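Engineer: For the record, the sequence lines run as chains Z and G.
Here our numbering is used: the first residue of the first sequence is 1, the next is one more, and so on.
Here our numbering is used: the first residue of the second sequence is 1, the next is one more, and so on.
One thing to keep in mind: the hints can contain errors.
As the list claims (entries may be wrong) - Subject to a maximum C-alpha distance of 27 Å in a straight line, what follows is the list of computed DSS-like cross-link-like pairs (lysine-lysine):
hint, chain 1, residue 1, chain 2, residue 2
1, G, Lys-481, G, Lys-461
2, G, Lys-310, G, Lys-125
3, G, Lys-86, Z, Lys-339
4, G, Lys-140, G, Lys-199
5, Z, Lys-114, Z, Lys-49
6, Z, Lys-382, G, Lys-429
7, G, Lys-86, Z, Lys-358
8, G, Lys-80, Z, Lys-237
9, Z, Lys-347, G, Lys-140
10, Z, Lys-382, G, Lys-86
11, G, Lys-64, Z, Lys-237
12, Z, Lys-237, G, Lys-140
13, Z, Lys-481, Z, Lys-279
14, G, Lys-185, G, Lys-317
15, G, Lys-433, G, Lys-416
16, G, Lys-429, Z, Lys-347
17, Z, Lys-237, G, Lys-86
18, G, Lys-416, G, Lys-429
If you are wondering where the hints come from, they were derived from the structure by calculation, not from laboratory data.
Model, not experiment: these values are computed from the prediction.
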Amino acid sequence: MEEPYSLSAKEIVEKIRGRELKAEDCVLSIFNRIEEVEERVHAYVTLSKELALQKAREIDAKVKNGDVLGRLPGVCIALKDNLCTEGLLTSCSSRILDGFIPPYNATVVDRLLKEDAIIIGKTNMDEFAMGSSTETSYFGATRNPWDSSRVPGGSSGGSAAAVSAEEAVLALGSDTGGSVRCPASFCSIVGLKPTYGLVSRYGLIAYANSLEQIGPLSRNVYDCALLLNVLASYDPKDSTSIRVPSQDYTQFLVDDVSDLKIGIPKEFFGEGIDERVSKVTWESIYTMEKFGVTWEELSLPTLRYTLATYYLIAMSEASSNLARYDGMRYGYSIDDDSKDWSEVYLKNRRIGFGSEVKRRIILGTYALSTGYYDEYYLKALKVRTLIRDDFNKAFKKFDVLLGPTMPIPPFKIGEKIADPLSLYLTDLLTVPANLIGSPAISVPCGFVDDLPVGMQIIAPALREDLLFKVAHIHEQNHGFKDYAPKL
Amino acid sequence: MVNTKMDRNVKIGLEIHCQLTNLNTKLFCGCSADYRGKPSNTHVCPVCLGIPGSLPVGNKDVVKDAILVALALESKIMSKLLFFRKNYFYPDMPKNFQISQYDKAGGVPIAIGGHVPIQVSNREKKVEIIRIQIEEDPAKLLHQGSIDVSPYTLVDYNRAGIALLEIVTEPCLNSPKEARIFLQKLRSILEHLGVSDGKLEGAMRCDANISLIGGDRVEIKNISSFKEVERALTFEIVRQRSLFSRGRKVEMETRHWDVVRRITISLRTKEAEQDYRYFPELDLVPITISNEAIEKIRRKMPELPDARRKRFMEEYKLPAYDAEVLTGSKALADFFEECVKIYPYAKKISNWIMTDLQRWLHEKNVEIFESRITPQALVSMIRLIDDGTISGKIAKRVLPELIITGKSPEEIVEEKQLLRISSRQEIEKLADKVLEDNPNAVKDALVDEKAVHYLVGQLMKLSKGKADPQLSNVIMKEKLKNLLDK
Numbered sequence: 001m002e003e004p005y006s007l008s009a010k011e012i013v014e015k016i017r018g019r020e021l022k023a024e025d026c027v028l029s030i031f032n033r034i035e036e037v038e039e040r041v042h043a044y045v046t047l048s049k050e051l052a053l054q055k056a057r058e059i060d061a062k063v064k065n066g067d068v069l070g071r072l073p074g075v076c077i078a079l080k081d082n083l084c085t086e087g088l089l090t091s092c093s094s095r096i097l098d099g100f101i102p103p104y105n106a107t108v109v110d111r112l113l114k115e116d117a118i119i120i121g122k123t124n125m126d127e128f129a130m131g132s133s134t135e136t137s138y139f140g141a142t143r144n145p146w147d148s149s150r151v152p153g154g155s156s157g158g159s160a161a162a163v164s165a166e167e168a169v170l171a172l173g174s175d176t177g178g179s180v181r182c183p184a185s186f187c188s189i190v191g192l193k194p195t196y197g198l199v200s201r202y203g204l205i206a207y208a209n210s211l212e213q214i215g216p217l218s219r220n221v222y223d224c225a226l227l228l229n230v231l232a233s234y235d236p237k238d239s240t241s242i243r244v245p246s247q248d249y250t251q252f253l254v255d256d257v258s259d260l261k262i263g264i265p266k267e268f269f270g271e272g273i274d275e276r277v278s279k280v281t282w283e284s285i286y287t288m289e290k291f292g293v294t295w296e297e298l299s300l301p302t303l304r305y306t307l308a309t310y311y312l313i314a315m316s317e318a319s320s321n322l323a324r325y326d327g328m329r330y331g332y333s334i335d336d337d338s339k340d341w342s343e344v345y346l347k348n349r350r351i352g353f354g355s356e357v358k359r360r361i362i363l364g365t366y367a368l369s370t371g372y373y374d375e376y377y378l379k380a381l382k383v384r385t386l387i388r389d390d391f392n393k394a395f396k397k398f399d400v401l402l403g404p405t406m407p408i409p410p411f412k413i414g415e416k417i418a419d420p421l422s423l424y425l426t427d428l429l430t431v432p433a434n435l436i437g438s439p440a441i442s443v444p445c446g447f448v449d450d451l452p453v454g455m456q457i458i459a460p461a462l463r464e465d466l467l468f469k470v471a472h473i474h475e476q477n478h479g480f481k482d483y484a485p486k487l
Numbered sequence: 001m002v003n004t005k006m007d008r009n010v011k012i013g014l015e016i017h018c019q020l021t022n023l024n025t026k027l028f029c030g031c032s033a034d035y036r037g038k039p040s041n042t043h044v045c046p047v048c049l050g051i052p053g054s055l056p057v058g059n060k061d062v063v064k065d066a067i068l069v070a071l072a073l074e075s076k077i078m079s080k081l082l083f084f085r086k087n088y089f090y091p092d093m094p095k096n097f098q099i100s101q102y103d104k105a106g107g108v109p110i111a112i113g114g115h116v117p118i119q120v121s122n123r124e125k126k127v128e129i130i131r132i133q134i135e136e137d138p139a140k141l142l143h144q145g146s147i148d149v150s151p152y153t154l155v156d157y158n159r160a161g162i163a164l165l166e167i168v169t170e171p172c173l174n175s176p177k178e179a180r181i182f183l184q185k186l187r188s189i190l191e192h193l194g195v196s197d198g199k200l201e202g203a204m205r206c207d208a209n210i211s212l213i214g215g216d217r218v219e220i221k222n223i224s225s226f227k228e229v230e231r232a233l234t235f236e237i238v239r240q241r242s243l244f245s246r247g248r249k250v251e252m253e254t255r256h257w258d259v260v261r262r263i264t265i266s267l268r269t270k271e272a273e274q275d276y277r278y279f280p281e282l283d284l285v286p287i288t289i290s291n292e293a294i295e296k297i298r299r300k301m302p303e304l305p306d307a308r309r310k311r312f313m314e315e316y317k318l319p320a321y322d323a324e325v326l327t328g329s330k331a332l333a334d335f336f337e338e339c340v341k342i343y344p345y346a347k348k349i350s351n352w353i354m355t356d357l358q359r360w361l362h363e364k365n366v367e368i369f370e371s372r373i374t375p376q377a378l379v380s381m382i383r384l385i386d387d388g389t390i391s392g393k394i395a396k397r398v399l400p401e402l403i404i405t406g407k408s409p410e411e412i413v414e415e416k417q418l419l420r421i422s423s424r425q426e427i428e429k430l431a432d433k434v435l436e437d438n439p440n441a442v443k444d445a446l447v448d449e450k451a452v453h454y455l456v457g458q459l460m461k462l463s464k465g466k467a468d469p470q471l472s473n474v475i476m477k478e479k480l481k482n483l484l485d486k
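Isolated chain Z, as found in the complex (with noise of 0.2 Å):
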């Protein structure tokens, strides 16, 4: 048999339920495994084995005496760092945030303990979520495991590499320019950013409100849908939560694709692709035609604003979000009783901060500021709204849009943080979903001498089902499940 840390989420609720498997062993073969690789990996900051093995014990004690289970039992979920887990270090990758135990478990955490899920651990992270190659971290780079010499994409690049590495079976990422979907692209898995509003937000440390979601990451469609299940649904703590009838995606997995119409917007071939991903991406275009899809290419003129859009907006909301972290509360503090205040929020934040974060910050201060507010904030909300209105008439159009997940295919670890524009750039595909809040999933669709690419695909808002149907499709028709990286 498969070593348990290499089943599909799918596979592991069979067996556990059919009782040929048991929890703890699940939880036992995936730390092995991590015991394994993660030296190379790097995608942890915090392991919790001790209560992995507790919970898993109490899952196959449910087992045992038939109880109901959930609808994860035994699967182990590696969380992104920035996840509120109660009892557990959450740090997102940040100095400011050592020693930060929060109180309170994210809405999205307690729903998979529902679910009989099993937490393995926090996972590294582009410092507050900033950043689209995990090079950010205050913990150091998280390793592609197609290649350690790369990064794997960001900012979820941890949960990314630890299900392409088979150190975690599903994983929770935070997207927010495209920070679930790169690392998934990178790392050769399946990366979903649902429609803005679909997952609770109550407990995920905040980098820009308007734009970010939670997002499943995994291995295949299947494992990705049966995750999403889990985590959509309504939550009063979350103002900004949608109220949906609740559905199981995993209906969508069909094999009749025949009505559906793909747009694909020139722009997303165009200049500052990278030939070789354009190439591999139409390879998978041309290849679903013959389960009946259509295309047709279209122009969205709006996208050449998007990541101008998609940066005034996320900085300024960045800079009001992270106002919090002054050392006072919880978090880095030089604690000096003989400076002022004023002074001593100065000193750690200079310090806990990396520079990034204060980058970001900065700019984000001066958009807000008298004088610049209406040149630059109220203008990118005004673009945003022109951006809606391209994709919107699109959308009446065709039923999906589809192209690369990322521009370039992973980048060797270094060679662009020391220029930040040059990373931003590498978000050119992923943010128009997040300024329009429209769900968009990426999925694996070739190589580029040997290092990953992927596809992404963008529906309107609440209409996961086609991301699953194309999704599905295409992974039967590619094979993507079956590609592992040698480690």
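Given chain Z, put chain G in place with the hints provided.
Structural biologist: The following block gives chain G in isolation, referenced to the frame of chain Z:
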């Protein structure tokens, strides 16, 4: 002696923060709003502490309260409820931003405009309101002594997140006295609406902006009660005038009212307006306020002070002045109406309240709800006068006891032996003593009417005021007549 009478060269604007004390929970979380007297930092949760990852959820009852106030102040209620973030760093701010409202950049307060009519020196003045907005209270900072000498600051987050209404006036007040009268009227309105209990400590706080002609605007913060408002503004006028007289200019700044030393101290110079980088609070969704919702609330409006004043004049046939004084605070008006429920002569009650009762409360520096007098006690006291048990003069000595001790008038009369002396025998005895002790006056009294009054006065004095004045007069005259006859 400072002349702080109405002076159009003095411009005062007030920014009042009123806690909506009738609410059960805080503005954006489920923590109980009943935090007074509880141990510090026990009415807290991840939301009001600003713990990372927490999100605000709006308290629906707050909007109802805000609409009630806007209706009472005749302000225009906006059709959308929008919250904005006011960004600044300060130790009393858990998130280092306050969720508040803004009137620019696409934001709107809950209501704009409106006015509060007040009576100043027998003229009516309309105090114009600029806007009303909803915001969250910051935490409470505690110091040892004055803020500038305290070796530490303690932060109590029990208050953080409590719902506040901020009411901002035009700078149309022209004296500290006007400011106090306005605040009292506003408090009375809020109490009558049932949304804010001004009696609770810290429930109504006020910042003042004051400018004298030729000087910049000075902001005074940290004024925690109405008595302090008048003091702070008076001090500031004196301070500014003294600067002028020495040829110095008054610069724009923020000053802190030190309630211990009773001075304003400079905290920071406002070179420019502080930049709060207002932008929308995106964790909250805008809410529409329909006209139907507003009308529904309007139909349930309780009686307001001005309406109550008119009713007092009509129903109890009180003169305008009486009605104005009695409706000056809800507590006083309620007290009066409780009395009238059990005693038919409204004017008598009114007289006692407006004169002796108010005077004693003022002297003891307490408000009626801080004293121990009850409506039953006051009415009993008046009945004791009615049936002759005590005289009006004695009653004036009983009244302060009612206020301080909370005992019934019967108990006090008993304890202090204040019963009116109305037995002929006793008064005759007293009269005899007086005649004996005052031979010269007696001689005068036999010929001069005025001297009779003197002797009766002495009898009253001897009886410690308890002797029935009429009977004493009759008996004294009888005795004198007897002497004359002799």
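Engineer: State for each hint whether it applies.
Structural biologist: Against the structure, the hints come out as follows:
no. : hint                     : verdict
1   : Lys-481(G) to Lys-461(G) : holds, 22 Å
2   : Lys-310(G) to Lys-125(G) : holds, 18 Å
3   : Lys-86(G) to Lys-339(Z)  : holds, 26 Å
4   : Lys-140(G) to Lys-199(G) : holds, 18 Å
5   : Lys-114(Z) to Lys-49(Z)  : holds, 19 Å
6   : Lys-382(Z) to Lys-429(G) : violated, 99 Å
7   : Lys-86(G) to Lys-358(Z)  : holds, 20 Å
8   : Lys-80(G) to Lys-237(Z)  : holds, 22 Å
9   : Lys-347(Z) to Lys-140(G) : holds, 24 Å
10  : Lys-382(Z) to Lys-86(G)  : holds, 22 Å
11  : Lys-64(G) to Lys-237(Z)  : holds, 21 Å
12  : Lys-237(Z) to Lys-140(G) : holds, 26 Å
13  : Lys-481(Z) to Lys-279(Z) : holds, 21 Å
14  : Lys-185(G) to Lys-317(G) : holds, 22 Å
15  : Lys-433(G) to Lys-416(G) : holds, 23 Å
16  : Lys-429(G) to Lys-347(Z) : violated, 89 Å
17  : Lys-237(Z) to Lys-86(G)  : holds, 22 Å
18  : Lys-416(G) to Lys-429(G) : holds, 21 Å
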